[in-house]
Amino acid sequence: MGSMKTLRVSSIVVSAVLLMSCGADSQDSEATSIATVAPNGEVITIQVLDNSYRPLDFEIAVGTEVIFDNRGRNDHNILPDTITDDAGLIALLASDPSPTAWGVASTDFVPGDTYSHLFNVAGTYNYYCSIHGAPGAGMYGTLVVS
Amino acid sequence: MALLAPECMGLSSSREVLSVKKKKNSRGGNMKRSMSALIGVMLLGAGLVACGGDDSATTTAAPSTDVATSDAPATDEPSTDAPSTEGVLNVPADYATIQEAVDAAVEGDLILIAPGTYNEAVQVTTNNIIIRGLDRNTVILDGNFELDNGIRVVGANGVALENMTAMNYTKNGFFWTGVTGYRGDYLTAWRNGDYGVYVFDSVGGVIDNSYGAGSPDAGVYVGQCYPCDSLINHFTSEFNGLGYSGTNSGGNMIIVNSIFRHNRAGVVPNSGSYELCYPERKTTIIGNLVYDNNQPDTPAIDVAILAMGNGILSAGGVQNIIERNRVWNHNKTGIGLVPFLEEDPNDSLPEKSAWESTCAESKNLMPVQPDGALLWDSQDTTVRGNVLEDNRRADIAVGSAGSDLWTLGNCFEGNTFTTSAPLDLEKLAPCGSPLSKDAGDWTAGDLNVITWLVDAETAPPSVDWKTATLPDMPVFDSMPDAATAPGVPASATLPTIDLDAITVPDKID
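Chain order of the listed sequences is A and B. For what it's worth, the working numbering labels the leading residue of the first sequence as 1, then goes sequentially. For what it's worth, the working numbering labels the leading residue of the second sequence as 1, then goes sequentially.
Among the hints, a few may not be true.
[Stated by the list, open to error] Here are a few chain B residues that face chain A, going by a calculated C-beta distance under 10 angstroms:
id, residue
1, 95
2, 152
3, 154
4, 178
5, 302
6, 303
[Unchecked claim] Among chain A residues calculated to face chain B with C-beta under 10 angstroms, some are:
id, residue
7, 50
8, 54
9, 74
10, 112
11, 131
12, 132
Treat the hints as calculated values from the structure; they're not laboratory data. The C-beta atom is built at its ideal place from N, Cα and C for all residues, glycine as well.
Using the sequences and the hints, build the whole thing.
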């Protein structure tokens, strides 16, 4: 094992900043808006072990693609803290095309599977595995996208 | 995961781990989706509009309560309902479901459950509550093969679960994760799809007077903790894939006075980088009865099939103490110290100097991806004063798959046995002095664990946990005075246990 260090993606090149209306309901004229950033070409991998995300906390530059790699022996899922289970996530992804709707259900994340998402909106993304944790407890993680 | 997989020896992984690199194609589908969204944004060219930010940025949503579909208890009238008392929440008298009572409880509360069948998956996130059945055998949480865990304690410290049965859950009967201080007492876990009693990433706990049967992994498991400061006492584990499993646990991890029988394999502490806090180390296994772990008709994970026919098997564990157990009737070894080959590891082997790192410390270390497979050798383990008989390959054994056995530091002393691998093992590897290549012939009768792979290929396959044959559920002693005993939250400090006073238990049928 190597020494402790924090990996920070710092060489971000923001090629475009697009601001648009992007509410969950596109028919809603008062929808909230999301600032998105073009991909910066950076890719990082988070190991998904039994039953931990490694690293637990991660800071990346906006526009970075994150690959979650299920390297354990068990099924896991990756749910934003606002979602309670696989069904809720599937419903979210089906109804919300915005880039902040993300995550993967356990049926699509068995050992050996990967899941990737482009984090092109700044913010703090708290997530967890509903099989082995709860928001902020057990198997959980945080991505700070800045 | 294979204990030893020759086809994977030398397997090289080119995975990038936690590294920054230029983007490449990946199998994840969401990338495409995100890109589509981004293209859509560009086409829209909507101009500059203030954005609302990140939905998931600061959420602190209450944890899921999973399914709380409690039917009314199946029995007609709870006959032993305790009277309402300050700090005591009665189910179903005060709260229709266990989950409702848990949600209403505050620290220090005692939840008393009347006899009945509760179709619930209970989640606990409140510290220091006690959940107790009034009768171990008739307070039954039943997952109906649909719900995941009987009771899951997530990040809540000091929670005690007492005197009840959990059965037919797709995952675990009783599950603690991420806690400091836990206690399970008079618990029965029956026919659950992963583990019976499952303790993960938790420290300071006791599992006592409990039972686990019918799970493909272990009847009882404690993993990813160092120091664990945990005790398993008076546990009976049978008809599981593994009687006990502990991956990367150890450090005041004590397993005593328990029975492991009729599993595929009995007691299996093990190391691997698929969980954090490796290696497994400093587990103390004393005064247990371990027998008949050749059971061919259990549900079983792959490791259980590979380990089948062994009583106490340290698979890549280090610095364990195995003393004064009675171990008999196994097709392979009574007590075996063998390597664990991890074919696709997530980190390099830790240096010996890192074995003392706490779990919390090691979690923060960044992994260094090895070039190929890892061989976790069992090392520095003491096997002393055990009584063994009728273990067909060898009563006591040590093996590797490439390392010189005298370099591993395992020692054997004062055991009552007939056969060993290599031969004359107690002369080759005595305790208290450095081991030497010149102590004798280390190759005569040595253990060839590679052959176990062949055995695994032809071993009876796993049986569906939902339909595996189990004997009638025993009627167990219940917790004394369950209705009136005060509720005491779990302490993170282990009770004093006099290990020196434990003797080899008498043989039973």
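**OP:** Double-check residue 112 of chain A for me: the hint is only fine if its C-beta lies closer than 10 angstroms to a C-beta in chain B.
**Re:** With a minimum Cβ separation of about 9 angstroms from chain B (threshold 10 angstroms), the hint on residue 112 of chain A holds.
Original post:
Does residue 95 of chain B pass the interface hint, meaning its C-beta sits closer than 10 angstroms to a C-beta of chain A?
Top reply: Since chain A brings no Cβ nearer than about 21 angstroms to residue 95 of chain B, farther than 10 angstroms, the hint is violated.
Subject >> Cut-off 10 angstroms, beta-carbon criterion: hint that residue 74 of chain A touches chain B >> reply: holds, 8 angstroms
**OP:** Go through the hint on residue 54 of chain A and say holds or violated, using the shortest Cβ distance to chain B against 10 angstroms.
**Re:** holds, 7 angstroms
Original post:
Does the interface hint hold: is residue 302 of chain B within less than 10 angstroms of chain A, judged Cβ to Cβ?
Top reply: Holds: closest Cβ of chain A sits about 9 angstroms from residue 302 of chain B, inside 10 angstroms.
Original post:
Given residue 132 of chain A as an interface hint, is the shortest Cβ-Cβ distance to chain B below 10 angstroms?
Top reply: holds, 6 angstroms
Subject >> When the least beta-carbon distance from residue 152 of chain B to chain A is tested against 10 angstroms, hint result >> reply: holds, 9 angstroms
Original post:
Was the hint right that residue 131 of chain A lines chain B, CB cutoff 10 angstroms?
Top reply: OK, holds: residue 131 of chain A within 10 angstroms of chain B, min 7 angstroms.
Original post:
Can we keep the residue 178 of chain B interface hint, with Cβ of chain A closer than 10 angstroms?
Top reply: holds, 5 angstroms
Original post:
Is the shortest C-beta separation between residue 303 of chain B and chain A less than 10 angstroms?
Top reply: At 9 angstroms from the nearest chain A Cβ, residue 303 of chain B passes the 10 angstroms test, so the hint holds.
Original post:
Taking the closest Cβ pair, is residue 50 of chain A under 10 angstroms from chain B?
Top reply: holds, 5 angstroms
Original post:
Is the interface hint for residue 154 of chain B satisfied, with its Cβ closer than 10 angstroms to some Cβ of chain A?
Top reply: holds, 4 angstroms
Consistency note: the structure conflicts with earlier hint 1 alone.
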